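Chains as they are written, first to last, in the numbering used here: chain A, 1 to 256; chain B, 257 to 334.
Bear in mind the hints are in silico, worked out from the structure with no lab data behind them. Since this is a predicted model, take the numbers as computed values, not measurements. Any given hint could be a false lead.
Stated by the list, open to error - If you only want the chain A side, here are some residues facing chain B, beta carbon under 8 Å, derived:
#, residue
1, T101
2, P103
3, Q105
4, F106
5, E155
6, G156
7, M201
8, I205
9, S207
10, S209
Built from N, CA and C at the ideal position, the CB exists for glycine as well.
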Amino acid sequence: MNQNHLPPFTLDGKNIIITGASSGIGKACAIECSKVGAKLLLIGRNKARLENSISLLHGSGHFYLILDLSNTNEIVEIIKLTIQDFKPIHGFIHCAGIENTIPLQFMNEKKYSDFFNINVIAGFEIAKCISKKPYYIDGLSIVFISSVMGFLGQEGKIAYSASKGALIAGAKSMAIEMVKKSIRVNTISPAIIETEMVKNMFANIPSSSIETIKKLHPMGFGKPEDIAFACIYLLSNAAKWITGTNLIVDGGYSAK
Amino acid sequence: MKRQEFYLKLADALEITSTTLSSNTILSDIDEYDSMGVMGIIAFVDENFDVKLNAKQIASITDLDSLINLIGLGKIEE
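Isolated chain B (complex conformation):
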């Protein structure tokens, strides 16, 4: 998946506008990243990358680059 498409789909999962997302975006700074937002990210990553994130991994996410690292760098194209 291309990085821009990743941002678009992630924004859709969190129900925010994609223009607010960048590699440095801190997820906890996004109002919509509440318990439902966490569920949305887990479902989004599972559905699009077949990667199941656990609670420890979720807790370790800071910015979007850290999320991409968990998904696997090779799965997001520049």
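Bound conformation, chain A alone:
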């Protein structure tokens, strides 16, 4: 479909892949993208939860892929097979990620690998796959969900911060490399968004600490759709001159 005549903020006619789409930010991205016309391939590990996400989408032609992104050596071949009938790809959001609070003394190579495999390498591998002919189309927009922890510090977040920082840095170089293909690459850095993952994180810290964390967010905690709307913008033609940037969506967290 010729996209030039469409309003700039729509995703009408665009084929979008979303990882981590069975919950949290990924699920919200899927729902909001479908509302503005996108056709979606949702990727996640849990069939029942993916089916639930699919049931909440607007429009038709959406489907899902059950894939464990920690098996990074299998990703490219599986994605290639899956998108044969879904190409060309107009957009990709890498939402899948793991978060945990682990002090340095309890980190080890396996734990670092777990963080990097899912948070970084899985996203980069899918980007590698879809940025080759015949899968991509001029204007392909890739969005990696990073975090304010990618450029700010917090105790117990060494591996998480390192992986999210790697997304920001890697996306900048990827953006430069992809310019000649007219592919845009950006990251979004949320602060705390009220998701199941965050609820689980809060279950492991005292309520007084939760209040302290909340006070660091001038506009309170974010909602998953706050990030979804930012994704729609970066995926849309309205952002056609934006690449290699990190869009901070944090309710003022990092402004202090």
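Got chain A sorted already, so can you dock chain B onto it with the hints?
Coordinates of chain B only, in the frame set by chain A:
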């Protein structure tokens, strides 16, 4: 895990000397039991006993015997 080994490893997690620990040690009396100390205990228990402590459980810990109760008495040998 033997109780003495438990004390040694817990002391290492809190970065204190193990000789200061006993079944009656009150965790909140230990200077090193701050927010990082809490994270250390959660990680220590998860790594060694595959038990994930939540905030309510952490708040209920008084002495080391209460921590051992949360981990499961059968997992610490005398």
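Hint check results:
{"no.": "1", "hint": "T101", "verdict": "6 Å, holds"}
{"no.": "2", "hint": "P103", "verdict": "5 Å, holds"}
{"no.": "3", "hint": "Q105", "verdict": "7 Å, holds"}
{"no.": "4", "hint": "F106", "verdict": "4 Å, holds"}
{"no.": "5", "hint": "E155", "verdict": "6 Å, holds"}
{"no.": "6", "hint": "G156", "verdict": "5 Å, holds"}
{"no.": "7", "hint": "M201", "verdict": "10 Å, violated"}
{"no.": "8", "hint": "I205", "verdict": "6 Å, holds"}
{"no.": "9", "hint": "S207", "verdict": "7 Å, holds"}
{"no.": "10", "hint": "S209", "verdict": "7 Å, holds"}
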